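Protein chains: 2
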Amino acid sequence: MAVAETQSNISRDQKLRQRAQRVIPGGMWGHQRAAAVPAGFPQFFDSGQGATVRDVDGNEYIDFMCAWGPIILGHQHPVVEAAAQAQAALGLCLDGPTEHVVDLAELVVEMIDHAQWALFQKNGSDAMTGCVTIARAGTGRRKVLVAHGAYHGAVPWCSPSLVGVTAEDRAHILHFDWNDTDSLETAIAQAGADLAAIVVSAFRHDLGVAMEMPTPAFAQAARAACDAAGAALIIDDVRAGFRLDLGGSWNLVGVQPDLSAWSKAIANGHPLAMITGNERFREAARNVFVTGSFWYSGAPMAAAAATLRELRRIDGPAVMARAGRRLRDGLAEQAARHGFALIQSGPPAMPLVQFAGDDAQATLGERFCIEALRRGVYMHHRHNMFLSCAHTEAVIDAALVATEGAFAALAAEGAANA
Amino acid sequence: MAVAETQSNISRDQKLRQRAQRVIPGGMWGHQRAAAVPAGFPQFFDSGQGATVRDVDGNEYIDFMCAWGPIILGHQHPVVEAAAQAQAALGLCLDGPTEHVVDLAELVVEMIDHAQWALFQKNGSDAMTGCVTIARAGTGRRKVLVAHGAYHGAVPWCSPSLVGVTAEDRAHILHFDWNDTDSLETAIAQAGADLAAIVVSAFRHDLGVAMEMPTPAFAQAARAACDAAGAALIIDDVRAGFRLDLGGSWNLVGVQPDLSAWSKAIANGHPLAMITGNERFREAARNVFVTGSFWYSGAPMAAAAATLRELRRIDGPAVMARAGRRLRDGLAEQAARHGFALIQSGPPAMPLVQFAGDDAQATLGERFCIEALRRGVYMHHRHNMFLSCAHTEAVIDAALVATEGAFAALAAEGAANA
Numbered sequence: 001m002a003v004a005e006t007q008s009n010i011s012r013d014q015k016l017r018q019r020a021q022r023v024i025p026g027g028m029w030g031h032q033r034a035a036a037v038p039a040g041f042p043q044f045f046d047s048g049q050g051a052t053v054r055d056v057d058g059n060e061y062i063d064f065m066c067a068w069g070p071i072i073l074g075h076q077h078p079v080v081e082a083a084a085q086a087q088a089a090l091g092l093c094l095d096g097p098t099e100h101v102v103d104l105a106e107l108v109v110e111m112i113d114h115a116q117w118a119l120f121q122k123n124g125s126d127a128m129t130g131c132v133t134i135a136r137a138g139t140g141r142r143k144v145l146v147a148h149g150a151y152h153g154a155v156p157w158c159s160p161s162l163v164g165v166t167a168e169d170r171a172h173i174l175h176f177d178w179n180d181t182d183s184l185e186t187a188i189a190q191a192g193a194d195l196a197a198i199v200v201s202a203f204r205h206d207l208g209v210a211m212e213m214p215t216p217a218f219a220q221a222a223r224a225a226c227d228a229a230g231a232a233l234i235i236d237d238v239r240a241g242f243r244l245d246l247g248g249s250w251n252l253v254g255v256q257p258d259l260s261a262w263s264k265a266i267a268n269g270h271p272l273a274m275i276t277g278n279e280r281f282r283e284a285a286r287n288v289f290v291t292g293s294f295w296y297s298g299a300p301m302a303a304a305a306a307t308l309r310e311l312r313r314i315d316g317p318a319v320m321a322r323a324g325r326r327l328r329d330g331l332a333e334q335a336a337r338h339g340f341a342l343i344q345s346g347p348p349a350m351p352l353v354q355f356a357g358d359d360a361q362a363t364l365g366e367r368f369c370i371e372a373l374r375r376g377v378y379m380h381h382r383h384n385m386f387l388s389c390a391h392t393e394a395v396i397d398a399a400l401v402a403t404e405g406a407f408a409a410l411a412a413e414g415a416a417n418a
Numbered sequence: 001m002a003v004a005e006t007q008s009n010i011s012r013d014q015k016l017r018q019r020a021q022r023v024i025p026g027g028m029w030g031h032q033r034a035a036a037v038p039a040g041f042p043q044f045f046d047s048g049q050g051a052t053v054r055d056v057d058g059n060e061y062i063d064f065m066c067a068w069g070p071i072i073l074g075h076q077h078p079v080v081e082a083a084a085q086a087q088a089a090l091g092l093c094l095d096g097p098t099e100h101v102v103d104l105a106e107l108v109v110e111m112i113d114h115a116q117w118a119l120f121q122k123n124g125s126d127a128m129t130g131c132v133t134i135a136r137a138g139t140g141r142r143k144v145l146v147a148h149g150a151y152h153g154a155v156p157w158c159s160p161s162l163v164g165v166t167a168e169d170r171a172h173i174l175h176f177d178w179n180d181t182d183s184l185e186t187a188i189a190q191a192g193a194d195l196a197a198i199v200v201s202a203f204r205h206d207l208g209v210a211m212e213m214p215t216p217a218f219a220q221a222a223r224a225a226c227d228a229a230g231a232a233l234i235i236d237d238v239r240a241g242f243r244l245d246l247g248g249s250w251n252l253v254g255v256q257p258d259l260s261a262w263s264k265a266i267a268n269g270h271p272l273a274m275i276t277g278n279e280r281f282r283e284a285a286r287n288v289f290v291t292g293s294f295w296y297s298g299a300p301m302a303a304a305a306a307t308l309r310e311l312r313r314i315d316g317p318a319v320m321a322r323a324g325r326r327l328r329d330g331l332a333e334q335a336a337r338h339g340f341a342l343i344q345s346g347p348p349a350m351p352l353v354q355f356a357g358d359d360a361q362a363t364l365g366e367r368f369c370i371e372a373l374r375r376g377v378y379m380h381h382r383h384n385m386f387l388s389c390a391h392t393e394a395v396i397d398a399a400l401v402a403t404e405g406a407f408a409a410l411a412a413e414g415a416a417n418a
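Line by line, the protein sequences give chains A and B.
For the first sequence, position 126 matches number 126 in our numbering, and the numbering has no gaps at all.
For the second sequence, position 356 matches number 356 in our numbering, and the numbering has no gaps at all.
Quick caveat, the hints were computed from the structure, so don't treat them as lab data.
Please note: incorrect hints may appear among the correct ones.
Stated by the list, open to error - DEER-style ranges, computed between Cβ atoms: (1) A:ASP177 to B:ASP194: 32 to 38 Å; (2) A:ASN59 to B:ILE10: 33 to 39 Å; (3) A:PRO160 to B:GLN116: 23 to 29 Å; (4) B:GLU185 to A:GLN49: 55 to 61 Å; (5) B:ALA171 to A:ALA398: 53 to 59 Å; (6) B:ASN9 to A:ALA217: 53 to 59 Å.
To be verified - A few chain A positions that, by computed beta-carbon distances, are all more than 12 Å from chain B: (7) ALA89; (8) HIS175; (9) ALA193; (10) SER263; (11) GLY269; (12) ALA303; (13) ARG312; (14) ARG337; (15) ALA341; (16) THR392; (17) ALA398.
All of these numbers come straight from a predicted model, not from anything done at the bench.
Just so it is clear, CB atoms sit at the ideal spot from N, CA and C, and this is done for glycine as well.
Looking at chain A on its own, in the form it has when it is part of the complex (with noise of 0.2 Å):
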């Protein structure tokens, strides 16, 4: 009886969490395990409309993760729904594709400056890791360079984990510093004749360090490396794709890769990711074979195409740095009022925001995002954050609300840092 009595007391997301415990090794895996946000945030959500989620207790947030990327117009835009849809009541996956997938790979190369060719998958994994078998096709060459601490998928050869990977899964893998010429330098030395590819993300964007942009001479250097040595320049767009730039993100420092890997927010959260590559490597891209079973489903292509088109439409970018910057502005008004100094990082339309000085395990930002999150406000304090173009002026301005009673309670507490 106690425990029936417990049991109708606590919440939904409580009752999930015991039930998941059971037939979910830990409750939950991945990066939208509840243990990787702080303790008290939601597991389990049921919707979301424009800037808005909702948990399965009914309570409601402006959403500042933006399902950690995919939705980049706001939740259930209905443009991109209604594409969506038109093709899923005719059929999912058929004996070969629709005609979505030539619609949207045209659009895409219309669209993103140095794709000459597209290819779609289904995971971001899918996209970095078919770029790195590309690039290894195209120049017969093994060695892949990328940046320390960098994310490029959960998979044996790139996983931020090493538990179950094998040594020789990364035996072809060498490291540089990013931003750091010299090191890239000292990488390639080492790659020498078996030099295949460099790998970048956007920007940095590793987890609990501040964002860093690349600078227009590291990225010219990788250029002018990959140029130098036949090798492939690849970037990966997964997380930042779109956001930035609708035709690459290394557009801000004008440097065009040979093959980029996108997903996330390709299709406004349907599941769709995409390998785009220049002239140069068309040939080894039709060489390897690569494949899924949903892989031809045309549904998310035709979410793809309406995504980008009404990106385009709307100047997405544009739209997002702006709300972006008017979050970021507010931000640190109300830090500097209340006593806290902030480090505000990477583009206004991925934010991180990290108090100064604060600890590995960024305790205080933590305690930040749990008042905000008290206050109606999804954040997060180690990784990036993502703006959408349902951020308007009044969402913003309405989260700064709630951002302000999260610095004015961190203050009364004596939390000051500044």
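Once you've looked at the hints, dock chain B against the given chain A.
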């Protein structure tokens, strides 16, 4: 002008192929590339309904590929679509999973004999790679045994193509011959104290060769070897899963795996994959890091739960086995009458039809498929086909009218092989 006139006279499929050639390497990729089926087969489709698919030129076919596996209840099953839509109308990707992940995990733990927990992904390759990673994590060992010629995915460690693959990607893969206990024991001896896992398909379904069910002796030997060595027995049930036995395909031979990989038919066309495991590997599954941007989406999980409950309600495997036997018996009778010797192999729900003495390209099988296609039946000559629960007696009988015509046409050309 001549070109324009030509253009207006070609089919919609041909026009799409021409456009695709410019923006997709080789015009298409992977297993749904039309080059993988006989010339004259359509590349592009627009819809499916029940047991029928329609190409972009409006031709309808009784579908014996079922999208190469995913369609198990028939295209556009109303119960599945309603379940998916109910969640899709609320939200696609959110900041955490929905309750559907718990509901589905509970259902599969109840349905699948060896399953004590579940994890969800997007591709069969994700599930297989995850199983191998969990086995290595749980055993602290590296060697993985797979059958020569078996398909376990399209990523470097297991892809059927070596283009862009390095030797190190397969450094810890050892091979045995299907159903050959001696060769299995030899491979186990090669692995020695480093044996992490033995990987088996539900049955041998290699491209272009007769399908072969596991012998009980082989299955028991694999199980006993894993028990003796403390290694994981992994069943790749991606292709066969839910078509043979809802509790797991090796129930047919009375052997339970430690880990299983599932995908394709799990959600009747919605994108989902799954790893199930027993208690022994729960901790390892908790410790590995596997994740993806779309892996928490509720709609495909709601679709999966609806699919599995419907399969259980109607005893789907029995329905498909009956339909497959009716097809097999009908083809055998027709072939004999027209002077053809067939080799029909595999479980009835996943049949392969070969012509005795056909060449390696299955030229005669290809001619038969083309004749069937002209009469409204979509079959494959080298890859196993897939029945669905929408293949009623009436559908099979309609298909047999077409195949009767196909045999007669080949016989009239003097192609008889018996």
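So which hints don't hold here, by number, going up? The structure breaks hints 2, 7, 10, 11, 12; every other hint is satisfied.
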